[in-house]
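Using the sequences and the hints, build the whole thing.
Which chain is which? The protein sequence lines are C and Z, in order.
According to the numbering used here, the first sequence is numbered sequentially starting from 1.
According to the numbering used here, the second sequence is numbered sequentially starting from 498.
There's no promise every hint is true.
Stated by the list, open to error - Computed far set for chain Z versus chain C, every beta-carbon distance over 10 Å: (1) S501; (2) D518; (3) A519; (4) P522; (5) L528; (6) A537; (7) D562; (8) H572.
Claimed, not checked - As a list, the in silico DSSO-like pairs of lysine-lysine whose alpha-carbon atoms are at most 30 Å apart: (9) K261/C to K488/C; (10) K69/C to K261/C; (11) K540/Z to K387/C; (12) K247/C to K561/Z; (13) K96/C to K589/Z; (14) K427/C to K96/C; (15) K561/Z to K114/C; (16) K69/C to K59/C; (17) K427/C to K589/Z; (18) K59/C to K261/C; (19) K114/C to K69/C; (20) K427/C to K387/C; (21) K114/C to K261/C; (22) K96/C to K69/C; (23) K59/C to K114/C.
Think of the hints as simulated: they come from the structure by calculation, not from any bench.
Beta carbons: idealized from backbone N, C-alpha and C, even for Gly.
Next come the chains, spelled out residue by residue.
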Amino acid sequence: MILPDLSRATVAELSAGLTARQFSSLELAEAYLARIAAAQPTLNAFVTVDPDGARAAAKAADTARAEGKSGALLGIPLAQKDLFMTEGLRTTCSSKMLANFVAPYDAHIVTALKQAGSVLLGKTAMDEFAMGSSTETSFFGVVRNPWQPDAVPGGSSGGSAAAVAAGLTPAATGSDTGGSIRQPASFCGITGIKPTYGICSRYGMVAFASSLDQAGPMARSAEDCALLLTAMAGHDGRDATSLPRPKEDYSRELATPPSAKPLEGVRIGLPDVFFGDGVDAPVVAAIEAALVELCALGATTVPVALPNLGYSVPTYYVLAPAEASSNLSRFDGVRYGHRAAQYNDLSDMYQKTRAEGFGDEVKRRILVGTYVLSHGYYDAYYLKAQKVRRLIADDFQAAFAQCDVILGPTVPTVAPLLGAQSQDPIKMYLNDIFTIGANLAGLPAMSVPCGFAPNGLPVGMQLQGPYFSEARLLNIAHRFQQATDWHKRTPKGMNHE
Amino acid sequence: MALSQNEIQRIAYLARIKIDDAMLPRLQQQLDSIFEMIDALSKINTAGVTPMAHAQPLALPLRKDSVAEPDRRDHYQQAAPAVSDGLYLVPKVIE
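Structure follows, in C-alpha cells:
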C-alpha cells in the first residue's frame with residue numbers, strides 16, 4: 001500500500017490511486033478515520049464519525065471495483081454537513097433540538113453520492129441550523145480553524161471547511177443560504193461552490209430559508225468540486241424547486257489541454273463595492289494579485305455596477321428569518337427532536353421545548369422572522385425586502401450583459417479570532433455582504449483560495465456567474481489553480497501520521 | 498424602531514418560544530440593533546417593483562395523484578418523543 005500525503009490529496013489523485021490499485025478504499029477510509037480521531041480533540045470538525053458505516057461502504061466499493069465497476073467517486077471518502085439527512089445516522093444540525101435525532105431517510109444528495117460509490121466518514125459541525133458565520137453557535141462546541149486554532153473556521157459549513165483544510169476528508173458537502181459554503185471555504189483556504197438555485201435537490205436537507213438554501217461541494221480544488229457537483233446535481237421530483245434540466249458533466253471544460261492563454265475572451269466584471277473601504281488591505285492585495293494572474297491567463301477586466309448590493313444584508317435579514325420562522329415551526333416536540341421534560345399543557349410544552357432546544361442565535365432569528373411576518377408589518381418588511389431582492393437580482397443581470405464573471409473578495413476580512421464577533425450579531429451579519437447577493441439572485445458563486453494575509457490566514461476570491469454557468473466558473477477556477485499553488489498549501493501540524 | 502418588552506413577549510408567544518424576563522433587556526437591545534440595520538430598506542424607492550419571492554420563476558409542478566411512497570409510519574415514528582398505537586402523543590387539549 002502506498003498512500004499519498006492525505007493532508008493534501010485531492011479526490012482526483014485518490015481516484016487515480018484507487019484505479020491503479022495503489023491502495024484499497026478500505027485502507028483509505030481507515031487512514032482518514034485515524035486522521036479524524038487525531039484531530040478531533042483540537043478541531044472538533046465532526047459531530048458524528050461513522051467508522052463502521054465507512055468501513056462497510058469502503059469494502060462494498062472495493063468489491064464493486066474488483067467486479068469491474070469504476071467511477072470518479074467510487075471508494076472516495078467524503079463527509080456530509082450535519083444538515084443532510086443520513087438514514088440510520090444521527091442528523092443534528094448542530095442543535096440540541098436534534099441532538100439525538102436519527103434520520104429515517106437519506107437526503108437526495110446523500111443518496112446520489114452513495115450511488116456514486118463514495119464512502120461516508122461522518123457528519124460535520126455547523127452553526128446551529130446553519131444560522132451563523134463562524135460555527136460558534138454549534139451545540140457541540142466551537143470548531144477551530146486548522147490554519148490558526150484560535151481563529152474561527154467560518155460558517156455555517158465550518159466543520160466541512162475545517163475537515164477538508166486539515167485533510168480529514170478529501171471533500172465534503174456544504175449548504176449555502178447567505179454564504180455558508182463560500183465564506184468558510186475562504187477562511188479555511190479551500191474551494192467551494194454554491195450552484196444556481198435549484199441545481200441540487202433540497203430533499204432531505206433540513207430547511208433554513210427555502211428560497212435561498214442550496215447544497216454544494218467543498219474540496220481542495222475546482223476539479224474536485226466539479227466531480228462532486230456532477231454527482232450531486234440533477235432533477236428530483238421530491239423537491240418542487242428542483243429544476244427540470246438535463247444532467248450536466250461539470251468537468252467537461254476542464255479536460256481541454258492547457259494553453260498559454262486559457263482564459264482568452266473571459267471578461268471579468270469588477271464592481272466598486274467589492275474594493276471599497278470596508279475591505280481589509282491584505283484581502284485587497286491578494287485579490288489584486290489574483291487579477292494580475294487571471295489577466296496573464298488571457299482574461300480582461302471591465303468595471304460593472306451593483307448599486308443595490310449594499311442593501312443585501314438588510315434584505316437577507318428580513319427574508320431569511322421570515323422563512324426560518326416558518327420552517328422551524330416544525331420543531332414542536334411532537335414528531336421528532338427534543339421535548340421538554342416538564343410542562344403544564346400543550347402550549348407550555350411547545351414553548352419550553354423550543355426555549356430549551358434552540359440556541360440564542362436561532363431564537364433571535366425566529367423572533368425577527370415572526371415579527372416581520374406579523375399582522376401590520378408584512379408590507380413594511382417582508383414585501384419591501386422582496387422588492388429590494390428584485391432590484392439586487394436585476395443589477396446582476398445588467399452586470400452580466402457586460403461581463404462573463406464577477407470577481408471580488410469572498411469576505412472583506414480573513415478569519416476573525418474565536419469570540420471576536422459572537423457577542424455582536426450585527427457585526428457578523430455585515431461580513432456576509434459579498435456573499436448574500438448570489439443567494440438573493442439565485443446565482444452560482446464560488447470561493448477559490450488566492451493568497452494569505454501576513455498573519456498566515458487564507459484569503460479567498462469569489463467568482464459569480466450568470467445562471468447555470470457552473471461549468472464555466474469551475475473552469476476559470478481550474479485554470480487559475482493550474483497556474484497557482486494557493487490551493488495546494490496546507491496548514492502546519494496536520495500531518496497526523 | 499424600538500420594540501417594547503411587551504411586544505417581544507407577544508412575538509415570542511406567537512413563535513412559541515418561552516423567554517425569561519431576565520433575558521429581555523439584552524434581547525431587546527439585540528433586536529433593536531437588528532431592526533435599525535433592517536430599516537435601511539425603507540429609504541429605497543421600490544415603486545413599481547414586482548416582489549421577488551423566489552430565485553427562479555417556477556410554476557408549482559403537478560404530479561400524478563397516485564400513491565408514490567410506501568407506508569413507513571412505524572419507521573418514521575421511531576424518532577418521536579411519545580407514540581402509541583401509531584399516534585403521536587401530546588398533552589390533553591380538551592378537558
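Against the structure, the hints:
{"no.": "1", "hint": "S501", "in the structure": "holds, 12 Å"}
{"no.": "2", "hint": "D518", "in the structure": "holds, 13 Å"}
{"no.": "3", "hint": "A519", "in the structure": "holds, 13 Å"}
{"no.": "4", "hint": "P522", "in the structure": "holds, 14 Å"}
{"no.": "5", "hint": "L528", "in the structure": "violated, 7 Å"}
{"no.": "6", "hint": "A537", "in the structure": "violated, 5 Å"}
{"no.": "7", "hint": "D562", "in the structure": "holds, 14 Å"}
{"no.": "8", "hint": "H572", "in the structure": "violated, 5 Å"}
{"no.": "9", "hint": "K261/C to K488/C", "in the structure": "holds, 22 Å"}
{"no.": "10", "hint": "K69/C to K261/C", "in the structure": "violated, 37 Å"}
{"no.": "11", "hint": "K540/Z to K387/C", "in the structure": "holds, 13 Å"}
{"no.": "12", "hint": "K247/C to K561/Z", "in the structure": "holds, 23 Å"}
{"no.": "13", "hint": "K96/C to K589/Z", "in the structure": "holds, 26 Å"}
{"no.": "14", "hint": "K427/C to K96/C", "in the structure": "holds, 25 Å"}
{"no.": "15", "hint": "K561/Z to K114/C", "in the structure": "holds, 28 Å"}
{"no.": "16", "hint": "K69/C to K59/C", "in the structure": "holds, 13 Å"}
{"no.": "17", "hint": "K427/C to K589/Z", "in the structure": "violated, 45 Å"}
{"no.": "18", "hint": "K59/C to K261/C", "in the structure": "violated, 44 Å"}
{"no.": "19", "hint": "K114/C to K69/C", "in the structure": "holds, 14 Å"}
{"no.": "20", "hint": "K427/C to K387/C", "in the structure": "holds, 25 Å"}
{"no.": "21", "hint": "K114/C to K261/C", "in the structure": "violated, 38 Å"}
{"no.": "22", "hint": "K96/C to K69/C", "in the structure": "violated, 41 Å"}
{"no.": "23", "hint": "K59/C to K114/C", "in the structure": "holds, 13 Å"}
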